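Asks: The residues making up each chain are set out below.
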Amino acid sequence: MAFVQGKGSREYLIHERKKVWYSRRLGLAFISPWLVGFLIFTLYPMVSSLYYSLNKYNIIKPPQWVGLRNYIELLTDDPLMWVAVYNTVYYIVFALPLQIIVALTLAILLNSKVKGLAVYRTIFYMPTIVPAVASSILWLWLLDPHIGIINTLLAAIGIDGPGWLVNPVWSKPALILMSVWGVGGDMVIYLAALQGVPQELYESAELDGAKRWRKVWHITIPMISPAIFFCLIMGLIAAFQYFTQAYVMTEGGPMDSTLFYSLSLYNNAFKYYKMGYASAQAWVLFVIIFCATLISYKISGKWVHYEGGEK
Amino acid sequence: MDTTLKNIKMKYGSKKVTSNINIAKILLYMVLTTLAIIYLFPFLWMIITSLKTEKEVMAWPPTLIPHTLQLSNYPDSLTYIPFLTYVKNTLIYCFGSVFGVIISSTLAAYGFSRIKWPERDKIFILVLSTMMLPMHVTMIPKFVLFSKIGWIGTLKPLIVPFFFGEAFYIFLLRQFFMGIPYQLSDAAKIDGCSELRIFHSILLPLVKPAIATVALFQFLTAWNDFLYPLIYLNEEAKFTVSVGLQLFLSRVESKWGMLMAASAVVTIPIIVLFFFTQKSFIQGIAMTGIKG
Amino acid sequence: MKIKSFLSFLAMLLISVMVLSLAACGSKDAETKNNESGSQVTTKATEKDKVTEKSEPVEVVYWHMWGGDWKSWIDGQVEKFNASRSDIKVKPLAVTSDGETKFIASVAGGNPPDVFTGWGNVIPTWAESETIMCLDELISKNAPDLDDFLYPIASDLGKYKGKTYCMPINLCPLMLFWNKDLFKEVGLDPEKYPVTIGDLDAMQDKFWKFGSKGQIDRMGFYPTYLRIWVPAFGGRFIDENNKPTLDDKGLLNALKWFESFVTTKGYSIEKIDAFTTSIANSAQATNPFLTEKAAFTVDGVWLLTDIQNYAPDMNYGICPLPYSSDGGFENANLTMADFDVIANGSKHPEEAFEFLKWMVGYGGNEEAAGEFVATGGNIPAAQKVVDSSSYKSYLDEIPARYEFMKALDSENNLTYPSVTYGTYYMDRLEAAEERVMHGAQTAEEALKQVADEVAKEAAKQEATN
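Heads up: the protein sequence lines correspond to chains A, B and C, in order.
Under this note's numbering, the first residue of the first sequence is numbered 116, with each subsequent residue one higher.
Under this note's numbering, the first residue of the second sequence is numbered 5, with each subsequent residue one higher.
Under this note's numbering, the first residue of the third sequence is numbered 195, with each subsequent residue one higher.
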């Protein structure tokens, strides 16, 4: 803490205020590229969509003002909306924890002196590299009830495989399975974070007689908790907006069992040309995601540990 | 014995060698190999399919080893669509956006974590919130915006916005920045360093794995991006690879064998690249010596 | 260790050099692209240029959704057109997925293509929202006898609220195919085809074969796509006032017939799903009808080509869709077509219309159009094109193709409901079909639900118009 000339309270206050101004300018300077981009490329579309949500808008003709009618209808008069919410929540509840656990496990397993480490890491990351078109089609084949290899293998051990994507009960589990296949990205993030965990911590813990599981639970996980927190938030935001696979592979069926929120939104926007209504859907989702993120943020203080110290 | 085995399955790395570890290592390899096969299988299926004839692609029961090898799928698919042009376009998009996103996102992440200023956290929430609005409702206004400034039909709407940061990476880098002790910057400040100096001389090198990860992720995002290039590009000559691949699909009969061959060609170089450069994402500079 | 990091460094260096050189070419490309008529600013300049020098061919931008082999022959056709005209140059672009989204975005952004080929039920919404141009003026100026040229059903297809908004370029009628060899095998007269639904029910029952695990090895017939059967039951989707008719007796009977397959006839929906929804069915090589795993199928003219290619020895017959003896109509089809539209905001509607005329075969283009439709395996939208020598040779190649002409003459054909919520209506009907087939609802309940859904939607659409 630098010394200030004249420790009278007034000079001190002015100095402090100047420091605040200085750091604000500095902060803004660093984020200025982002800020400029935000104002030009992001704010305008976001505000536009908010405006559209209060209108009846079919993209081409000028919007017609309807006030809050889209929102009211969405929340009180649209049974498909609640189907979509249910499907999305189902997905989040099962896919998100699974993704985090699998990615974490893989990263931890691969962080040791295993022979062929580079090969394993590449293999687990590969799904993320395969183009979306190809991987969707691949999984359509794999899960095909008739010619799919998964059911063929199951049949070989005597199990009558379900219809997977054509069965209303199994369609979501099939998609969740597919999502776990793609955790390579999270795995790489955890691996990068694991590098930052000092070996001395493990060594001193071993000296104290800690077993493996305790070391993982009390050292590894807290030390990489910022990365876990990141993956949790990003996973949450992404899961709420789960769209592509359902759009390409099932189109929301069978029987609306894979009609996720974002897909329902897409249909309203680009199939039924009700962009105003879809925008209202989008903003309702925004509020939900925002609240979920805020809650996670608040709880994070309890389990996320920043080694740098809080600032 | 059972509990030890169970604990061993949660292995994370160890230097000690005891007789237990040999069994543990074998188990570890077994688990890893099984998982690897499961993860690898769809990709293998892609390669296998790329070598089949159209008829055998749909055969039932599905054949693991093609009865008739159709290697011609490979050269055929690369001439069916102007592959090299598409790769060129995609690489421009990839490298351009990676370059832009690293510069802008590291700066922003620094501003959101290493400098304490009053509105910081509120604006950071704004950053996060940009990811919370489904893209389908912002797509049209964005498109109209780009139309008005005449960028439609070029790669500009794809690349330029990345020079202004991207919330995902800002968040990621911020997390990593926050893991570095503040004493480091404080010490440098006392020595008279400017923030910018601290930023690029001290902090950046320490988060190299994170930066490499950002580069990898953005490269792949650009590489696999489908919808935006589809919307923004109006000439087949300007297509990127992912858009080009859709030319194999048809309402009547898609060319599955060639599609898989082209996908394999598109995927394999990146896998090879990842394999040889993964150390830079993973290995970090040792943190010892910084504390105390 | 050192070698590895050196190699990675080298790799990075090489890549950067590569990229820099590519970027150099890339930006040049981008600049030249910007100077072309893709943006608002430069288009105005081109307009001015057009006034002074008319020698430059007008560029007509054309987007379509055909990939694979069809893209190649579209490109070929466009080349033929360009060669035949010195004043117009058509530039095609293939957008196989999300083509409609891209089309709408471009109209919203102010620089749409001139011509777009679409299909499905989008005309009412696009017309209502002014996404596409009304073609009446262009027709009266350049093709006043167009209605006489096209088949009546094609003319109707293009209209919304009495005005023409699109040009059908081909028609896709469906017919019932049956396998004569299998008929013989189960003791049926191979020449006697099912005329009524009752006939079909009785006949198809004989073919089902199940394997050791209960899976379907062969089936007789299983109906899909409720909408294509509605006309055969005498049903309709909307009445004369464009109001949805979910209580229509024909519509209900059609859905009840579907329902009967999983209730009274007792087939298992899981087994059927596994059998019918496999991707294998979409590939011509393994179509169940072609591999003789199904005795009947409903399909279009294109199947004949596939039979020739993949099952040339099969003995088959074609007949109109069986109709219901309880108020159904004979030879009734749901007419579907591919059509061309001109976008609102097109800079060259006149020239675009010339291309439209050429594609449909009007004004002396019958030969080219005939070839166009023949290669795609469809039916032309006009009699003159059917009579052209290029199309006739296509018909003569496989005489069974003549059968499909019968479907066009019928008075009992039905079109998609011409209302703005048409897509929604068809989607909910499909969902209802799913629910009924999975036993979640009875036919009556399902239709009641669709009625509620569609009525609400219709009210919303009318409300603020």
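Bear in mind the hints are in silico, worked out from the structure with no lab data behind them.
Only a predicted model underlies this, so the values are computations on that prediction, with no experimental measurement involved.
Quick reminder that beta carbons are idealized off the backbone N, C-alpha and C, glycines included.
Mixed in with the good hints there might be a few duds.
Claimed, not checked - Cross-link-like lysine-lysine pairs, in silico, PhoX-like; alpha carbons within 25 Å at most:
(1) B/Lys-126 - A/Lys-133
(2) A/Lys-386 - C/Lys-353
(3) C/Lys-407 - C/Lys-459
(4) C/Lys-407 - A/Lys-176
(5) A/Lys-326 - B/Lys-212
(6) A/Lys-386 - C/Lys-459
(7) A/Lys-230 - B/Lys-126
(8) C/Lys-654 - C/Lys-642
(9) A/Lys-176 - C/Lys-459
(10) B/Lys-92 - A/Lys-228
(11) B/Lys-242 - C/Lys-353
Claimed, not checked - Part of the chain A face toward chain C, derived, beta carbon under 8 Å:
(12) Tyr-166
(13) Leu-169
(14) Asn-173
(15) Lys-176
(16) Ala-271
Asks: Assess, step by step, whether the Cα of A/Lys-326 is no farther than 25 Å from the Cα of B/Lys-212, and give holds or violated.
Replies: Measuring from Cα to Cα gives roughly 32 Å; hence the hint is violated.
Asks: Checking one constraint from the list: CA of C/Lys-654 to CA of C/Lys-642, max 25 Å. Satisfied?
Replies: Holds: C/Lys-654 and C/Lys-642 sit about 18 Å apart, inside 25 Å.
Asks: Given a cut of 8 Å on the nearest C-beta pair, is the interface hint for A/Asn-173 held or broken against chain C?
Replies: Check passed: Cβ of A/Asn-173 comes within 4 Å of chain C, closer than 8 Å.
Asks: Verify the proposed pairing of C/Lys-407 with C/Lys-459, using a straight-line Cα cut of 25 Å.
Replies: holds, 20 Å
Asks: Using Cβ atoms only, decide whether A/Lys-176 comes closer than 8 Å to chain C, and label the hint accordingly.
Replies: holds, 5 Å
Asks: Is the hint on A/Ala-271 kept, meaning its closest Cβ partner in chain C is under 8 Å away?
Replies: violated, 12 Å
Asks: Given a cut of 8 Å on the nearest C-beta pair, is the interface hint for A/Tyr-166 held or broken against chain C?
Replies: Violated, about 15 Å.
Asks: Hint check: is the beta carbon of A/Leu-169 less than 8 Å from a beta carbon of chain C?
Replies: violated, 13 Å
Asks: Verify the proposed pairing of A/Lys-386 with C/Lys-353, using a straight-line Cα cut of 25 Å.
Replies: Since the Cα atoms of A/Lys-386 and C/Lys-353 sit roughly 20 Å apart, the hinted pair holds (cutoff 25 Å).
Asks: Hey, B/Lys-242 versus C/Lys-353, does the alpha-carbon distance stay inside 25 Å?
Replies: violated, 36 Å
Asks: For the pair we were handed, A/Lys-176 and C/Lys-459, check the Cα-Cα distance against 25 Å.
Replies: Since the Cα atoms of A/Lys-176 and C/Lys-459 sit roughly 50 Å apart, the hinted pair is violated (cutoff 25 Å).
Asks: Do the alpha carbons of A/Lys-230 and B/Lys-126 lie within 25 Å of each other, as the hint requires?
Replies: violated, 46 Å
Consistency with the previously given hints fails for numbers 4, 5, 6, 7, 9, 10, 11, 12, 13 and 16, ordered from lowest to highest.
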